[in-house]
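Assemble the complex: chain A is given as a structure, and chain B must be docked to it using the hints.
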Amino acid sequence: MKKDILKIAGKSLKSRLIVGTGKYKSFTETAKAVNASGADMVTVAVRRVNITDKKKPLLMDYLNPKKIIYLPNTAGCFNSKEALRTLRLAREIGGWKLVKLEVLGDKKTLYPNMIETIDSTKTLVKEGFKVMVYCTDDPLLAKKLEDSGASAIMPLASPIG
Amino acid sequence: MAKIQLNGKKVVIKTNFSLMDLLKKYKLSNKKVAIEHNGTIIQKSNFKKKYLKNNDKVEIVHFIGGG
Numbered sequence: 151m152k153k154d155i156l157k158i159a160g161k162s163l164k165s166r167l168i169v170g171t172g173k174y175k176s177f178t179e180t181a182k183a184v185n186a187s188g189a190d191m192v193t194v195a196v197r198r199v200n201i202t203d204k205k206k207p208l209l210m211d212y213l214n215p216k217k218i219i220y221l222p223n224t225a226g227c228f229n230s231k232e233a234l235r236t237l238r239l240a241r242e243i244g245g246w247k248l249v250k251l252e253v254l255g256d257k258k259t260l261y262p263n264m265i266e267t268i269d270s271t272k273t274l275v276k277e278g279f280k281v282m283v284y285c286t287d288d289p290l291l292a293k294k295l296e297d298s299g300a301s302a303i304m305p306l307a308s309p310i311g
Numbered sequence: 092m093a094k095i096q097l098n099g100k101k102v103v104i105k106t107n108f109s110l111m112d113l114l115k116k117y118k119l120s121n122k123k124v125a126i127e128h129n130g131t132i133i134q135k136s137n138f139k140k141k142y143l144k145n146n147d148k149v150e151i152v153h154f155i156g157g158g
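Those protein sequences? They're chains A and B, same order as listed.
Count along the first sequence starting at 1, add 150, and that's the number in the working numbering.
Count along the second sequence starting at 1, add 91, and that's the number in the working numbering.
Quick list of in silico lysine-lysine cross-link-like pairs, BS3-like style, CA-CA up to 30 Å:
{"hint": "1", "chain 1": "A", "residue 1": "K231", "chain 2": "B", "residue 2": "K94"}
{"hint": "2", "chain 1": "B", "residue 1": "K122", "chain 2": "A", "residue 2": "K161"}
{"hint": "3", "chain 1": "A", "residue 1": "K280", "chain 2": "A", "residue 2": "K161"}
Honestly, the hints are just simulated from the structure, not real lab data.
Extracted from the complex, chain A is given alone in its bound form (with noise of 0.2 Å):
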């Protein structure tokens, strides 16, 4: 049988399973489940080191990401300036330009703005950025995206909150 690969942003992928990282109980747990998903990617997100705390396990000790593909994005993120710190932090972490670009608009169902969302695009695209972005399912919008250069759509199939 052919392979089904999906390629995004130069980056090919055998599962169209993107798996997230956050709300397991342990990070052995968050591995067990991600290697039984078959994901090639994960999402991560980007927080302050806990400088009380210097033996607390670290994700990248669990998660090797030269065997998966991490995903920085910007969950929790109400404004392109925030979005925009937090993928530029990613990016310096590890090198990462494959990010995933979050700019909420709504705190109850975690609908996008869509305004800021596109402006943080070309900006991003403007830095070197492969782009993936959370946005609604508008088709013109989703158009207007592409035009912006992003590398990828991930509209929303329903509120989430």
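Chain B alone, transformed into the frame defined by chain A:
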């Protein structure tokens, strides 16, 4: 001695302390992290050259589960 704000917490460090010294102090020098110094993201190649002074604000971030 100098007082800085590190990840929102007040921390006292020695004088002539670089960002690399700060990473070593917290056992992070061999970890994948990014540093923001007074609102500016600092490239890794400059960690040894960037020295801290009183009232500086430093953010050290890394990847965690989420999204």
